[in-house]
Amino acid sequence: MTARTLVWTGFIAIAAFVLMAANRLTLLDPVENLTLNVTSPVQSAMRDTTRPIADWVNNITDAGGLSRENQRLRDQNERLTNDLTRAREDAVQAQAAQDLNAVRKQFPNDTFLAASVVSRDSSNLRSLVAIDRGSADGVKEGMIVVTEGRSLVGTVAKVYSNYSWIMLITDPKSAVSAIVQESRAEGVVAGNYDGALKMEFVGQGAPVQQGDFVITSGVGGGYPPGIVIGRVSTVGKTPQDLFQHVNVDYLASLTQLEHVLVLTSFVPNRLPPP
Amino acid sequence: MRYWIGGALAIVLALVQAASVEQFKILGIAPNLMLVMLVAWLVVRGLEDVLPMLFVAGLTLGLVGSQTPGLVLLALLPIAGFGVLRELHVVHSDLVLVLVLVAASTVAYELVLLASVVVSGGTLDVVPAFSHAIVPAALVNMALAVPVFAVMRLARPADSRRRLAY
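As they're listed, the protein sequences go chains A and B.
Positions 1 to 274 (my numbering) are the ones given, in order, by the first sequence.
Positions 1 to 166 (my numbering) are the ones given, in order, by the second sequence.
Any given hint might turn out to be false.
As the list claims (entries may be wrong) - Okay, the calculated beta carbon distance ranges per label pair:
| # | chain 1 | residue 1 | chain 2 | residue 2 | range |
| --- | --- | --- | --- | --- | --- |
| 1 | B | GLY28 | A | ARG51 | 31 to 39 Å |
| 2 | B | VAL127 | A | VAL31 | 35 to 43 Å |
| 3 | B | LEU27 | A | ALA91 | 56 to 64 Å |
| 4 | A | GLY203 | B | LEU9 | 51 to 59 Å |
| 5 | A | ILE53 | B | SER131 | 28 to 36 Å |
These aren't lab readings, by the way, just hints derived from the structure by calculation.
Predicted, not measured: the structure shown is a model, and the values here were computed from it.
We put the CB at the ideal spot given by N, CA and C, even for glycine.
Okay, chain A solo, but in the shape it has when bound (with noise of 0.2 Å):
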């Protein structure tokens, strides 16, 4: 190693330290907004540049457009299984008479901002996608995003000017206070590294089956009561485990994400510590 490279390496770091404590303090936000407002056009034109050389690669074992075919029909299952899964839980809801009602009752009128994905992580750790609305629109950290189904997506993580990140619900950060809505046994739906999803804390006793449907609880305030997240894709019990293993199946398109919505009626009433 030469003098120079030393320096080189030396400076490297130390603007890593710095740069990560200015972003602690978001002294970096308006560059970063800056950023994306100069570069998201030129994203843009390139991902639209390459996207058909992406769609010969991704789909080289495909024959003709499978791959459209097959986005097509899971939107319209998406469609079909929110508006069945609704029907189901406005029956459960009204025969039941839960205080679930009225915590809908507080959010009578859901109001949505539509907003397009701009941009992904391009790590393999993270599950974030970016956003072209942000705190100048009235998106603020914490919201919840769902799909045009009504599927749920996940939350707003960090707030720009312009912009903002996504956490999907894939992501390992996240976790969505969850319940089975057959059985009513709850649980909470944690992202992982392998991108799948987990219903952690469920009891060896609740009845768990594969093909039920999880949704939100709305417990803890941070996400409102009956949006769908998926349905149950394994359950494994061993007798020596305090809690069962239920892997979930997202139902929203993740990986396809081109529009989402900002629930903006709701703002998360996030629990304060104990």
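Chain B: place on chain A using the hints.
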């Protein structure tokens, strides 16, 4: 190499990484073209050439991506450390050196990001992190390194271009 050329290349590299590379997922893993090209550039041109590029690329990717600029710089910094291997001529085949450095740099890069997730409240599930993200990412980047290095060799300085590279 003139700094401004390297800087411009680094900015383009970071934008391509942020905008396009995630579309090309192989087995569900997005390759890190920026890291692969920086490592290949390191082997071809040396540490002195790559460090300014690393700084500009890391800063740009941090500004346009979801990770903070400082974190991306920190995650890329091990490339400088691994660059010492090139200076020491521990491995005589440049291609093998590129593959080894790409694997090591990818693991280091992902481990820094993993640490940041865990420190900021994420779960520490080591097995899925390694089996679904870190190891596959290293393999995908190594596969990408072969064609990238083949192209990069053209940028080798004229005097060293004559010697056998493989």
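Structure-based check of all given hints:
| no. | hint | in the structure |
| --- | --- | --- |
| 1 | B:GLY28 <-> A:ARG51: 31 to 39 Å | violated (18 Å) |
| 2 | B:VAL127 <-> A:VAL31: 35 to 43 Å | holds (38 Å) |
| 3 | B:LEU27 <-> A:ALA91: 56 to 64 Å | violated (42 Å) |
| 4 | A:GLY203 <-> B:LEU9: 51 to 59 Å | holds (56 Å) |
| 5 | A:ILE53 <-> B:SER131: 28 to 36 Å | holds (29 Å) |
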